[in-house]
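Participant: In case you want the letters, here they are:
Protein chains: 2
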Amino acid sequence: MNRITRTLSALSLAVLPLVSVVAQADDEDTIAYRKHIMKTLDEQTNAIGMILSGVIPADNLQLHMDAIATTAAMALRSFEPNVPGGDAKPEVWSNWEDFSARMADFEKKTANMARVAREEGPENAGELAIEALDCKSCHEVYNSKRSDDE
Amino acid sequence: MNRITRTLSALSLAVLPLVSVVAQADDEDTIAYRKHIMKTLDEQTNAIGMILSGVIPADNLQLHMDAIATTAAMALRSFEPNVPGGDAKPEVWSNWEDFSARMADFEKKTANMARVAREEGPENAGELAIEALDCKSCHEVYNSKRSDDE
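In order, the protein sequences belong to chains A and B.
To convert, take the position in the first sequence, counting from 1, and add 168; that gives my numbering.
To convert, take the position in the second sequence, counting from 1, and add 168; that gives my numbering.
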């Protein structure tokens, strides 16, 4: 049981209204939180990769695209606190204008991918998926651990 | 670069229509694929836990609930191939009626959580989140690695 799930388990329902107040995250929490988001994107991108490469049936493809679009919509916000660490290079914050523009573009492209999939069938959004999920182009600039292993 | 992203990178756009045919996953692929889904649920549940326990601001709470509901909707299907391995105990398939009922209940509860959050505000869906994200009750029966560490 990790710290968060332990805390969650211990939560009294009476304190739940606290979620609406502004929380003050420490640096460790800030880094852990954005990792949860980026790992979600990684897991879902790998799942879509398995489908697009033909090794897994495409039944869930629309849902994967929806999950990525939803997660992409929260990714930039998780980097707003200027807390270098984890896999994020300091360049995330020193080049914030570029980083945030790339993340906004990622959000826009994944939303379009999911919309086209829903309107025209996910089998017609494969090219959009490949274009939207170009993780490497950002990681090689802003991720300290990922540029060589993907 | 792992096998999937390598394959994805190498995909010719001309073969994309292949995603609509029925893929034949080998056992390793089947296990890797369902792990991507379950890890997504784990990352998103931990993120929600950080918000509900007050260490991270709640700005993304609705999106996390949406992402979990979307992912829960594909989880059961990823276990349909009878391929024990990874963290899944053989009981998943020997007790399929119970396992699939629990997963269907999980899908239903997370969908309800996300719906209530959208209609009444995510700050009013905290109790539903705690009820829906009771991962441990299933893991202690069906997950070989998680019953003691969560």
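Fair warning: there could be bad hints in the mix.
Intra- or inter-copy, both count: the list cannot distinguish identical chains.
Here are the computed lysine-lysine pairs in the PhoX-like style, where the Cα-Cα straight-line distance is at most 25 Å [unchecked claim]:
(1) Lys313 with Lys203
(2) Lys277 with Lys304
(3) Lys304 with Lys203
(4) Lys203 with Lys276
(5) Lys207 with Lys304
(6) Lys313 with Lys257
(7) Lys304 with Lys257
(8) Lys257 with Lys203
(9) Lys207 with Lys313
Calculated directly from the structure, the hints in this document are not laboratory data.
Note that the structure is predicted; figures quoted are calculated from it, not measured.
Participant: Does each hint hold? Answer for all of them.
Facilitator: Hint-by-hint comparison with the structure:
In this assembly of identical chains, the alpha carbons of Lys313 and Lys203 lie at most 25 Å apart whether taken from the same copy (13 Å) or from different copies (22 Å). For the identical chains of this complex, Lys277 and Lys304 are intra-copy neighbours only, at 15 Å inside a copy versus 36 Å across copies, given an alpha-carbon limit of 25 Å. Within a single copy, Lys304 and Lys203 get their C-alpha atoms as close as 16 Å, and across copies as close as 22 Å, so both meet the 25 Å cut-off. Taking CA atoms no more than 25 Å apart as the test, Lys203 paired with Lys276 passes inside one copy only; the shortest distance there is 21 Å, against 27 Å between copies.
For the identical chains of this complex, Lys207 and Lys304 are neighbours both inside a copy (14 Å) and across copies (21 Å), given an alpha-carbon limit of 25 Å. Taking identical chains as interchangeable, the C-alpha atoms of Lys313 and Lys257 lie at most 25 Å apart only when both belong to the same chain, with a minimum of 9 Å there against 33 Å between chains. Taking CA atoms no more than 25 Å apart as the test, Lys304 paired with Lys257 passes inside one copy only; the shortest distance there is 14 Å, against 35 Å between copies. When the C-alpha separation of Lys257 and Lys203 is checked against a cutoff of 25 Å, the pair qualifies only within one copy, where the shortest distance is 13 Å, while the shortest distance between copies is 28 Å.
Proximity of Lys207 and Lys313 under a CA criterion of 25 Å is satisfied in both settings, with 13 Å inside one chain copy and 20 Å between copies.
In summary, this structure violates none of the numbered hints.
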